[in-house]
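Student: Below are the chains, spelled out letter by letter.
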Amino acid sequence: MVEHLSKRFGDRVAYQDVSFEVGHGEVFGFLGPNGAGKTTTVRTLGTLIAPSAGTATVAGLRLTPDNGHAIRERISVMPEAPGLYLRLTVFENLACFAGLYQLSDQAERIAAALKAVNLTDRADDLCRNLSKGLRQRVGLARTLLNDPIVLFLDEPTSGLDPVAAREVHELIDDLRQRGVTIFLTTHHLAEAERLCDRVAILNTTVLSIGRPAELRDRLFKRTLTVRTRTPLTDPDHVFAGHPGVEAWQIEQPGAYVLTVTDAEIAAPDIVRALVAAGADVLTIAESQHSLEDVYLEMIDSDVEASTR
Amino acid sequence: MTISATRIAAITRKELRDYRRNRFVIVTMSVVPIIFIIAPMIQILTISATVTSARLDERIGISLLYMLLIPAMVPAALAAYSVVGEREQGTLEPVLITPIRSEEFLLGKALAVLLPTLGIAYAIFGVFLACTALFAHAAVVSAVFEGPHLLTQLLFTPPLAGWSIWVGIAISTRSSDVRVAQQLGTLASLPPLGIAALMSFNVLTPSLWLAFAVAAGLLLVDGLGWRAVAVMFDRERLITGRRPDRATSLPDPARASQDEPAKGDPEMSATLIVTRQPNSGIELRRGRFDITVDGTSVGALDNHETVQTNLEPGHHTLRINAGRYTSRTRPFDVADGETVNFRCHGASIWPTYLASIVKPDLAISLKRG
Chain A
1 MVEHLSKRFG DRVAYQDVSF EVGHGEVFGF LGPNGAGKTT TVRTLGTLIA PSAGTATVAG
61 LRLTPDNGHA IRERISVMPE APGLYLRLTV FENLACFAGL YQLSDQAERI AAALKAVNLT
121 DRADDLCRNL SKGLRQRVGL ARTLLNDPIV LFLDEPTSGL DPVAAREVHE LIDDLRQRGV
181 TIFLTTHHLA EAERLCDRVA ILNTTVLSIG RPAELRDRLF KRTLTVRTRT PLTDPDHVFA
241 GHPGVEAWQI EQPGAYVLTV TDAEIAAPDI VRALVAAGAD VLTIAESQHS LEDVYLEMID
301 SDVEASTR
Chain B
309 MTISATRIAA ITRKELRDYR RNRFVIVTMS VVPIIFIIAP MIQILTISAT VTSARLDERI
369 GISLLYMLLI PAMVPAALAA YSVVGEREQG TLEPVLITPI RSEEFLLGKA LAVLLPTLGI
429 AYAIFGVFLA CTALFAHAAV VSAVFEGPHL LTQLLFTPPL AGWSIWVGIA ISTRSSDVRV
489 AQQLGTLASL PPLGIAALMS FNVLTPSLWL AFAVAAGLLL VDGLGWRAVA VMFDRERLIT
549 GRRPDRATSL PDPARASQDE PAKGDPEMSA TLIVTRQPNS GIELRRGRFD ITVDGTSVGA
609 LDNHETVQTN LEPGHHTLRI NAGRYTSRTR PFDVADGETV NFRCHGASIW PTYLASIVKP
669 DLAISLKRG
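Chains as they are written, first to last, in my numbering: chain A, 1 to 308; chain B, 309 to 677.
If you are wondering where the hints come from, they were derived from the structure by calculation, not from laboratory data.
One or more of the hints may lead you astray.
To be verified - Examples of chain A residues lying across from chain B (beta carbon under 10 Å, computed):
1. 43
2. 59
3. 61
4. 73
5. 101
6. 107
7. 111
8. 115
9. 116
10. 130
11. 278
12. 281
13. 283
14. 285
15. 288
16. 290
No residue lacks a Cβ here, since even glycine has one placed at the ideal position from N, Cα and C.
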């Protein structure tokens with residue numbers, strides 16, 4: 001839980017009055033443009049940076065200087081750059097961190113972490129000989145060593161090809177199944193939409209929090225798009241007066257956009273009305289706004305508000 | 309607080325593996341000692357059998373002083389690289405996110421430098437003794453093996469290396485540039501050699517107890533060095549490159565706007581201009597400087613920047629801060645409508661920079677005009 005957390009560096013505000021709560025086993029997305037304060041927030045919750053104001057509880061412990069050590073035992077953080085020792089092998093890198101976590105069964109934990117990221121056969125490779133994607137996977141394996149309660153992933157698929165990114169997504173899904181709480185910072189909105197139970201959109205301060213679908217509904221009216229072979233002679237007669245239809249407009253001849261409160265109620269009614277009017281219906285579809293639309297709308301509104 | 313041997317060992321083992329595969333480290337550790345054994349061997353092997361006792365002691369003293377340069381010089385560059393090097397490579401953040409304590413991290417780093425240093429220093433000294441026994445005159449051999457020199461060498465090697473390592477790591481934790489850290493580290497590793505020199509040249513009458521006492525004193529300094537560096541080791545500063553802001557709350561915007569000097573306000577008609585411009589163009593202390601007037605921060609400035617702020621006419625004090633490092637506090641008076649100019653810059657020469665570690669108000673020069 002994070003309450004009114006703020007951080008400034010001298011005159012510069014990194015983030016301000018940030019509040020949210022992440023449930024156990026939840027995948028929580030943290031979205032925002034460059035410089036929005038995402039990484040600084042992660043570093044704060046990872047006990048590397050002291051907040052200027054506010055309180056937080058991480059992995060069940062209050063975020064205080066005295067609890068820093070105990071919090072770091074319960075969490076893992078993967079920074080945007082994996083930060084591997086390039087002259088060491090994959091195994092040696094993980095062995096170093098297994099030692100830092102004082103793991104008694106180091107060999108087993110390392111083997112399990114390597115298996116989770118499909119790198120068992122690369123254990124003896126020097127990290128400098130690995131591709132960026134493989135290094136990212138070693139970084140992920142490192143975060144799994146201590147079996148964290150909360151896992152912070154800062155841009156885990158940054159620079160990865162689609163196949164490698166999909167493998168990371170599968171790993172996150174697997175961790176979710178195991179009950180690990182994941183705090184995912186990402187620029188990839190499709191990734192956030194696919195993986196996250198809830199997302200927060202941050203631009204120095206939190207602009208909005210919720211499930212991706214909730215954010216869409218909060219920001220955009222739901223619409224049905226109807227296409228007919230020929231333009232309707234009296235569209236008002238066809239579309240007006242149906243329950244759930246708030247308004248309609250002609251997008252182009254033979255294409256109509258209906259603002260609806262509930263597409264599942266409105267759509268069958270509209271189809272019946274169209275058939276009764278003798279129209280040749282080509283398609284009727286609910287328009288889907290993506291999380292990207294939500295994100296861009298919010299960031300644009302925030303930029304406009306701040307420049308006013 | 310419990311110190312974990314496992315975590316220290318993890319860092320030390322990782323460092324030693326890294327050294328083994330790093331050409332720079334291998335060259336530093338092998339070439340420097342070879343250079344330092346050539347001069348003493350020439351000194352020892354060219355001593356004639358008829359030399360006076362005083363002259364013999366002097367020549368042996370000089371030779372062994374060269375040998376003591378090995379534990380002082382070999383670890384300096386490595387120690388100075390240890391923290392800032394990891395920071396530059398981007399490997400520091402993942403380590404600091406683990407439960408490792410600062411003391412453990414630093415001790416692991418120090419041991420990784422100390423172990424090869426001791427191995428090399430004693431091995432080279434062994435070679436020196438063997439060559440002396442085989443090729444030097446009997447009188448020289450006797451003086452080397454029986455005098456206080458051997459004891460001085462054996463006792464002083466570890467604490468000298470320890471000094472060099474802690475000074476190097478201290479500089480490394482506060483430096484943002486590997487090259488500057490290594491140059492400063494090498495320079496700062498030399499002072500304790502003075503004590504060894506005084507004993508080698510019999511200025512301090514060498515005795516077993518004196519050698520033990522001085523070596524124990526140096527060891528104590530090394531132990532204190534470890535704790536001092538742990539205090540200086542600031543995770544936030546190392547990760548962000550900025551000094552930690554320990555404020556407990558953000559400034560109240562309403563109050564801030566009240567505090568902000570309004571243009572044309574008759575109560576705030578004097579002007580203070582602070583420029584940051586080093587004489588030589590070089591600043592060893594970098595980062596943003598905060599401007600504090602009458603104990604209140606009024607702005608910050610980077611190198612080559614100028615900040616202008618309005619003041620009430622009257623008596624004020626000005627100080628420039630960069631974390632624990634500051635300028636001297638400069639009092640000044642300003643009349644209604646008057647403009648006061650100050651110029652500041654971070655230490656630009658090593659002696660001042662080093663002195664500021666002990667006396668932080670030497671770190672920033674602040675002068676009127």
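Student: Now tell me if each hint is right for this structure.
Tutor: Hint check results:
1. For residue 43 (chain A), the interface hint holds, the least distance from its beta-carbon to any beta-carbon of chain B being 6 Å, beneath 10 Å.
2. At a threshold of 10 Å, the smallest CB-CB gap from residue 59 (chain A) to chain B is about 12 Å, leaving the interface hint violated.
3. Checking residue 61 (chain A) against chain B: minimum C-beta separation of about 13 Å lies over 10 Å; hint violated.
4. Because the closest C-beta pair between residue 73 (chain A) and chain B is about 5 Å apart, less than 10 Å, the hint holds.
5. The beta carbon of residue 101 (chain A) comes within 6 Å of a beta carbon in chain B, closer than 10 Å, and the hint placing it at the interface holds.
6. Annotation: interface hint on residue 107 (chain A) violated; nearest CB of chain B at approximately 14 Å, more than 10 Å.
7. About 18 Å separates the beta-carbon of residue 111 (chain A) from the nearest beta-carbon of chain B, more than 10 Å, and the hint is not met.
8. Checking residue 115 (chain A) against chain B: minimum C-beta separation of about 21 Å lies over 10 Å; hint violated.
9. For residue 116 (chain A), the suggested interface contact is broken, since its CB lies about 18 Å from the closest CB of chain B, more than 10 Å.
10. For the restraint placing residue 130 (chain A) at the interface with chain B, the shortest Cβ-Cβ distance is roughly 15 Å, beyond the 10 Å limit, so the hint is violated.
11. This hint is violated: residue 278 (chain A) has a C-beta 64 Å from the nearest C-beta of chain B, more than the 10 Å allowed.
12. This hint is violated: residue 281 (chain A) has a C-beta 57 Å from the nearest C-beta of chain B, more than the 10 Å allowed.
13. The beta carbon of residue 283 (chain A) comes no nearer than 51 Å to any beta carbon in chain B, farther than 10 Å, and the hint placing it at the interface is violated.
14. Interface restraint check for residue 285 (chain A): the shortest CB-CB distance to chain B comes to about 47 Å, outside 10 Å, so the restraint is violated.
15. Restraint check, residue 288 (chain A) versus chain B: the minimum CB separation of about 38 Å is more than 10 Å; hint violated.
16. The beta carbon of residue 290 (chain A) is not positioned within 10 Å of any beta carbon in chain B (closest approach about 33 Å), and the interface hint is therefore violated.
Going through the hint list in order, the structure does not satisfy hints 2, 3, 6, 7, 8, 9, 10, 11, 12, 13, 14, 15, 16.
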